[in-house]
Amino acid sequence: MAELAEQIKIPPRSDTEAIAWKWMRYSGLLLIPLAWGHVALQDVLVGVHSIDLDYVAMRWASLGWRVYDFLLLAFAFAHGVNGLRQVIHDFIPSDKVMKKISWALLGFWLVFSIIGAVTIIGGVRRP
Amino acid sequence: MAQEQSPLMESVRTTISGFTSYRLRTGQLSFILHRLAGLGTLLFLTAHILDTSTVYFFPQLYTHAINLYRTTPMMLLEIVLVFCVIYHGVNGARIALFDLFSPKWWRSGPQEKTALITLAIAIVLWLPAAFWMGRNIVIYNF
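Chains as they are written, first to last, in my numbering: chain G, 1 to 127; chain Z, 1001 to 1142.
If you're looking for bench data, these hints aren't it; they were derived computationally from the structure.
Quantities reported herein were computed from a predicted structural model and do not represent experimental measurements.
Accuracy of the hints is not assured; some may be wrong.
Said to hold, decoys possible - Far from chain G, by Cβ distances over 12 Å, these chain Z residues were calculated:
1. 1025
2. 1026
3. 1029
4. 1114
5. 1116
6. 1117
7. 1119
8. 1120
9. 1123
Claimed, not checked - Between beta-carbon pairs, the in silico distance windows are:
10. G:108 <-> Z:1110: 48 to 54 Å
11. Z:1077 <-> G:52: 18 to 24 Å
12. Z:1110 <-> G:96: 35 to 41 Å
Positions of the beta carbon are idealized from the N, C-alpha and C atoms, including for glycine.
My request is simple: use the sequences and hints to build the entire structure.
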């Protein structure tokens, strides 16, 4: 049993995979206060019926909330897309195919992260 | 005669037959629930980045997006989403803390016990949120 515990302690061999492995755990711990705070406030306490353009504009008038949302976007989306990559990896035996999928996921992550970042920095534009 | 199988189909088959031939014990159930909760949350997050981006790119569309989220089916899905976020967080904390600080807890025994404790904590945290969101559905949509 002790041997098994020792084996489990060893992270994956390749450097990038080791970084990805640690990233999932550390970003995951950070996301607990970030994502739960966001969900508790927006979904439960405020609720979707009280959210409109004015509400978003009011919230983003404070720099603190913009920074909060920016951190949430950066950590949650990267955590999520890397998680998706890990799930897909379990179904794809070919390294060549997996490499292509990984690049596609990187592109997907980049495009949506940029869209989100531009939105948070640009803020609400009145119609 | 053995059928010709591509490595991809072989792998998918192994994974699926693994799911069905395992006896669905706590460890495997929490593994599956963790992944489904994570993938579900990512699916919503992707949509959520797009709907929020309308406030900058197409402000007149934001009202349409919000109106969609205000319908009863979407609000019910929102309650499911909140469970996914809570469960993925509690179980993720278990995984991260065990992996980083105490891998010896992964042995049979504590592993099963903590998987159940994780589920219990998630349900206890989710119930008040679900009640409040359910209350909002009744107040606003009926």
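Here's how the hints hold up against the structure:
no.: 1; hint: 1025; in the structure: holds (17 Å)
no.: 2; hint: 1026; in the structure: holds (18 Å)
no.: 3; hint: 1029; in the structure: holds (16 Å)
no.: 4; hint: 1114; in the structure: holds (15 Å)
no.: 5; hint: 1116; in the structure: holds (20 Å)
no.: 6; hint: 1117; in the structure: holds (16 Å)
no.: 7; hint: 1119; in the structure: holds (16 Å)
no.: 8; hint: 1120; in the structure: holds (17 Å)
no.: 9; hint: 1123; in the structure: holds (15 Å)
no.: 10; hint: G:108 <-> Z:1110: 48 to 54 Å; in the structure: violated (37 Å)
no.: 11; hint: Z:1077 <-> G:52: 18 to 24 Å; in the structure: holds (20 Å)
no.: 12; hint: Z:1110 <-> G:96: 35 to 41 Å; in the structure: holds (40 Å)
Checked against the numbered hints listed earlier, the structure breaks hint 10 alone; every other hint is satisfied.
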